[in-house]
Amino acid sequence: MLEATALACERGGLRLFSDLDLALEGGSLLRVRGPNGSGKTSLLRILAGLTRPAAGSVRWRGRALDEEYGREMLFIGHAAAVSDDLTVLENLEFTVDLFQMTTNQHRNREALELFGLERVAQVPARYLSQGQRRRAALARLALSRAVPLWLLDEPFAALDSDAVERVSELAAAHLAAGGMLVLTSHQEFSIAAPATQLIELEG
Amino acid sequence: MLEATALACERGGLRLFSDLDLALEGGSLLRVRGPNGSGKTSLLRILAGLTRPAAGSVRWRGRALDEEYGREMLFIGHAAAVSDDLTVLENLEFTVDLFQMTTNQHRNREALELFGLERVAQVPARYLSQGQRRRAALARLALSRAVPLWLLDEPFAALDSDAVERVSELAAAHLAAGGMLVLTSHQEFSIAAPATQLIELEG
Amino acid sequence: MAIDWFRFGSPQAFFPVAGKMVPWFAFLAVAFALPGLYLGFFVAPTDATQGESYRIIFIHVPAAWMSMFLYLVMAGWAGLGLVLNTRLSGMMASAIAPTGAMFTFVALWSGALWGKPTWGTWWVWDARLTSELILLFLYLGFIALKAAFADPQRADRAGAILALLGAVNVPIIYFSVQWWNTLHQGASVSLTRAPSMAATMLAAMLLMALAAWMYSIAVALARVRSIILERERDMAWVRMSAGT
Amino acid sequence: MAGFALLVRRDLRLALRRRGDIVNVLVFFVIVASLFALGVGPEPNQLRAMAAGVVWVAALLAAMLSLPRLFAADLADGTLEQLLVSPQPVLVVVAAKIAAHWLLTGLPLALVAPLIGLQYHLPANALGLLLVSLLIGTPVLSLLGAAGAALVLGARGAGVLLGLLLLPLYVPVLVFGAGAVTAALAGIDPGAHLSLLGAFLAVSSLVGPWAACAALRVALD
Amino acid sequence: MAGFALLVRRDLRLALRRRGDIVNVLVFFVIVASLFALGVGPEPNQLRAMAAGVVWVAALLAAMLSLPRLFAADLADGTLEQLLVSPQPVLVVVAAKIAAHWLLTGLPLALVAPLIGLQYHLPANALGLLLVSLLIGTPVLSLLGAAGAALVLGARGAGVLLGLLLLPLYVPVLVFGAGAVTAALAGIDPGAHLSLLGAFLAVSSLVGPWAACAALRVALD
Ligand code: HEM
Ligand SMILES: Nc1ncnc2c1ncn2[C@@H]1O[C@H](COP(=O)(O)OP(=O)(O)OP(=O)(O)O)[C@@H](O)[C@H]1O
Ligand SMILES: Nc1ncnc2c1ncn2[C@@H]1O[C@H](COP(=O)(O)OP(=O)(O)OP(=O)(O)O)[C@@H](O)[C@H]1O
Ligand SMILES: [Mg+2]
Ligand SMILES: [Mg+2]
Chain A
1 MLEATALACE
11 RGGLRLFSDL
21 DLALEGGSLL
31 RVRGPNGSGK
41 TSLLRILAGL
51 TRPAAGSVRW
61 RGRALDEEYG
71 REMLFIGHAA
81 AVSDDLTVLE
91 NLEFTVDLFQ
101 MTTNQHRNRE
111 ALELFGLERV
121 AQVPARYLSQ
131 GQRRRAALAR
141 LALSRAVPLW
151 LLDEPFAALD
161 SDAVERVSEL
171 AAAHLAAGGM
181 LVLTSHQEFS
191 IAAPATQLIE
201 LEG
Chain B
1 MLEATALACE
11 RGGLRLFSDL
21 DLALEGGSLL
31 RVRGPNGSGK
41 TSLLRILAGL
51 TRPAAGSVRW
61 RGRALDEEYG
71 REMLFIGHAA
81 AVSDDLTVLE
91 NLEFTVDLFQ
101 MTTNQHRNRE
111 ALELFGLERV
121 AQVPARYLSQ
131 GQRRRAALAR
141 LALSRAVPLW
151 LLDEPFAALD
161 SDAVERVSEL
171 AAAHLAAGGM
181 LVLTSHQEFS
191 IAAPATQLIE
201 LEG
Chain C
1 MAIDWFRFGS
11 PQAFFPVAGK
21 MVPWFAFLAV
31 AFALPGLYLG
41 FFVAPTDATQ
51 GESYRIIFIH
61 VPAAWMSMFL
71 YLVMAGWAGL
81 GLVLNTRLSG
91 MMASAIAPTG
101 AMFTFVALWS
111 GALWGKPTWG
121 TWWVWDARLT
131 SELILLFLYL
141 GFIALKAAFA
151 DPQRADRAGA
161 ILALLGAVNV
171 PIIYFSVQWW
181 NTLHQGASVS
191 LTRAPSMAAT
201 MLAAMLLMAL
211 AAWMYSIAVA
221 LARVRSIILE
231 RERDMAWVRM
241 SAGT
Chain D
1 MAGFALLVRR
11 DLRLALRRRG
21 DIVNVLVFFV
31 IVASLFALGV
41 GPEPNQLRAM
51 AAGVVWVAAL
61 LAAMLSLPRL
71 FAADLADGTL
81 EQLLVSPQPV
91 LVVVAAKIAA
101 HWLLTGLPLA
111 LVAPLIGLQY
121 HLPANALGLL
131 LVSLLIGTPV
141 LSLLGAAGAA
151 LVLGARGAGV
161 LLGLLLLPLY
171 VPVLVFGAGA
181 VTAALAGIDP
191 GAHLSLLGAF
201 LAVSSLVGPW
211 AACAALRVAL
221 D
Chain E
1 MAGFALLVRR
11 DLRLALRRRG
21 DIVNVLVFFV
31 IVASLFALGV
41 GPEPNQLRAM
51 AAGVVWVAAL
61 LAAMLSLPRL
71 FAADLADGTL
81 EQLLVSPQPV
91 LVVVAAKIAA
101 HWLLTGLPLA
111 LVAPLIGLQY
121 HLPANALGLL
131 LVSLLIGTPV
141 LSLLGAAGAA
151 LVLGARGAGV
161 LLGLLLLPLY
171 VPVLVFGAGA
181 VTAALAGIDP
191 GAHLSLLGAF
201 LAVSSLVGPW
211 AACAALRVAL
221 D
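Residue numbers (our numbering), protein chains in the order written: chain A, 1 to 203; chain B, 1 to 203; chain C, 1 to 244; chain D, 1 to 221; chain E, 1 to 221.
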């Protein structure tokens, strides 16, 4: 489904990686590993269609990335994409509408509860702790079963062990249902996956 | 040396913790633990003198916190305090001057090397990866042997295993030399310490 | 085909070519300017109504033409870089901008000097003068915007967008005398005069315009060479040719 | 269309959350208008002559002061990234931003301008014209402003740089907008000015969003 | 003192890194000055009468456009936190910020103002006075501006809000500053205006930094 051929990435005149190929089918987990600054985030941004690769191309279902791709892909980067002045619930509702996800008020509430955010649902995101902010960004995972491709950049950073477990469970269920997952993580994690791939980037 | 009595913290009308006492002597490591949003960061900011506690007081060497405290304490929070438009080296040099640390060009370079930043020393921080940015903030630890009290908020987040080890070694050496360390971390870590304390905050 | 094009667009290939061309264009600039100035200031007859002051035309008109033309060239290079992602294009645009700004300034300045004796004021806020002033600000904005980015690639792309946006102004300058009733001359004033006079004036003006052309090319090429060196200083070929 | 409405609603909500962005713009407008009168002098005739200019310069400033934050906040917290990977076309995102900006600055200004005009002793026909010229002209400020704001994303000293880029582009709007009113005061038909303003609106509504889209992609690359 | 110099140097370096912040201010100034003439009209006499007002309004705008970023960038990246826990007194930090802001906006404006005055047909004595009034008055803009910028830290729509807070405070500066020049043009002794400006400077150099310090502590609590 997701294929990339001969990808290369350049930053500030430096080659981060080149000639990178990948192919992902339903049910596979791809872990991208490498030291700080090796280009993991850059690779994920290329796969999300945000950054132009210096060479090579990314294809989804055999076609180049287009606006439709936005409905079939989910990207959560370093920044939480949570607006300071909206409450946690409003932030979630905006994301849901933006990505045209099928859900309802009840399921939104459940998603927040799953991430232990019910107490702060009405608090403007400005006042959240670091970890709560990440949780607020990740809450949409609970509503994204139908989105086939997940791209998660360091999803576990700043989370406590409880939240790490929650995310791992969601990821495992997603994979079991035939979804695809690409993630980077410096921490070790355990996600049950039908198929696992690893890309090691060098520093 | 560092004492806090009957500390309480309130946020948005909510009590995060109250009646918290602590006393730290040379060589002790204090780990603050608790789920996301339980008040770890708030506690560290109180100890750093940034936030006023709702009740209780903090004392250093028996006296209330004053400007002198800034020379004897080091606080690294969630935000890396690295200016986008300065290079990594310039950022370090500014910190060094700001905190009136005794060092020299050679030692600054060494600190950057220790954190694997020599290649990006002349790159504006804007272009760093998440982990490199944290490393740039933590590089000052290598020059802070003389600062008795370290307050580190999630120092390991976003770091690769190499960098985690580097920080742990520096912390261990600091403790062995009679320094004090307060840290929060969701990840497990191993830092050899003459004395260890733990504060558990409830969510 | 495409590969050839990209090779031509590589700074490394262009650097020596530009180096060879600079002296030629510099020579041509002088070769056109000398007879142009001679014709304009010694041969062309004194104007019946304006006296000697009309001779500013030999500076003013070529400068005004170049100011507009160079903007289009600059925007063209910038747009090319945006579409094809070639490194050289952005450098060319950067190299042209200061020359364009200079000609714009000269056109404004000479026009103002000319306006004093003819219109009795050195400045009015009419459409052509205003749009020419905006052209100067656009050049300055382009330069400032490019300088505001540390990353040259990003600077090129942001600058290109601004250059294309501002290109709308050029036809406004050109046609403003037709669209609005203004104090400024319409086109071809000189052509309606007595044939002999028009011939020398036209010749002088065209020679000066050609000289301005050649000068612009020479300066832009020289400047693009130093931009190439600065931007690509870390690349192997620069270090090798610098002998380090 | 649903995406457009969603995004406009979000921006309006964010602005209203502070209970005052619109009020701020209006108060700001009043202050600028009185400030000018103070800076130049109290003669009624001179006031009337400069009324349109002052209102227009105030509109221009209100637009400019609010522009640096148009995309910057969304860029910083990662929302812009999400907007770009979302199924919404980037053009819709940009159009919504522009619409929200106009609703929050241009529209309130246009509606309150006749009141200011009254203070400056403008006659009734000139007041109406002032309103019309603002209704045609202020969208241009938002359209071009969005392009400028997107261009300076990630550049330092963005505020002043933005002024530098935008003021020259705003000049024609100001000239024609104020010109229409001044012409009417002098008994000349303002139609020519208004049609030029309209032409400007047409051109900038083609060029502005396009430039903003391209610039956003560059900023996030 | 070493701390003060260190902080000023940092801010200047950050500004100069782009090889343009000062140049930007100057170009911006020139643009505003020509824009005003456009908005009001081309009569030389009218131009002379409003020259001082225009220069002062331009100074005010340049100050205001650059203020929202005075502390915001440092707050966002955590630098402000470090400045507050550092051994430097907060007052020194604030004073350095103010000084750097003035060096980057007020001073270049003051130095280039006589050139603008020339274009507006001001006579020599008025030019000198314009320079003097700017040298006394622009520090007030930075002093009060720092307090305003610190107060609105973390508020959305900070740009317009800041304008709202500051413009009323800036009005007196504008009035006395431009007034001094206008008085001289009319043959009246400008001493009274200048001494009022001086008094304003004295008061704001007492109040401004203190208010900024307090506001910063609140913003970071
Ligand atoms: C600052 C003031 C002025 C500016 C910005 C200005 C600008 C321009 C520009 C942009 C052009 C080239 C456009 C074209 O070829 O159609 C031009 C051409 C010309 N200008 Fe000016 N001008 C100014 C003042 C004057 C004055 C005072 C005069 C004479 C009284 C004058 C006479 C001409 C003439 C004769 C042409 C050539 C028109 C032609 O044959 O195409 N200009 N000017
Ligand atoms: N202008 C530039 N000059 C030099 N290096 C640059 C420039 N822009 C980006 N880089 C480098 O590009 C790399 C970007 O890496 P990226 O963010 O993809 O890393 P990562 O693998 O995600 O790291 P982390 O584990 O820290 O998140 C960094 O090494 C950075 O220093
Ligand atoms: N205005 C407010 N209204 C409601 N709650 C607030 C408000 N301001 C702060 N809070 C709460 O205060 C707490 C701050 O916690 P703090 O940042 O100290 O947590 P932490 O233990 O560091 O968490 P993490 O592990 O996520 O970093 C959060 O639970 C937050 O929701
Ligand atoms: Mg990364
Ligand atoms: Mg925390």
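In short, the hints are calculated from the structure, not lab data. Hints are supplied without guarantee of correctness; some may be wrong.
What the hints assert, rightly or not - Residues on chain E that point at chain C, a partial pick, calculated with CB under 8 Å:
#1 Asn24
#2 Val27
#3 Ile31
#4 Ser205
Values in this document were obtained by computation on a predicted structure and should not be read as measured data. No residue lacks a Cβ here, since even glycine has one placed at the ideal position from N, Cα and C.
Evaluation of the provided hints:
For Asn24 of chain E, the suggested interface contact is upheld, since its CB lies about 6 Å from the closest CB of chain C, less than 8 Å. Interface hint status for Val27 of chain E: upheld, as the beta-carbon distance to the closest one in chain C is roughly 5 Å, under 8 Å. A least Cβ separation of about 6 Å between Ile31 of chain E and chain C falls short of the 8 Å threshold, and the interface hint therefore holds. Residue-level restraint check for Ser205 of chain E is violated (minimum Cβ-Cβ distance to chain C is 32 Å; threshold 8 Å).
This entry does not satisfy hint 4, going by the numbered hints stated previously; all others are met.
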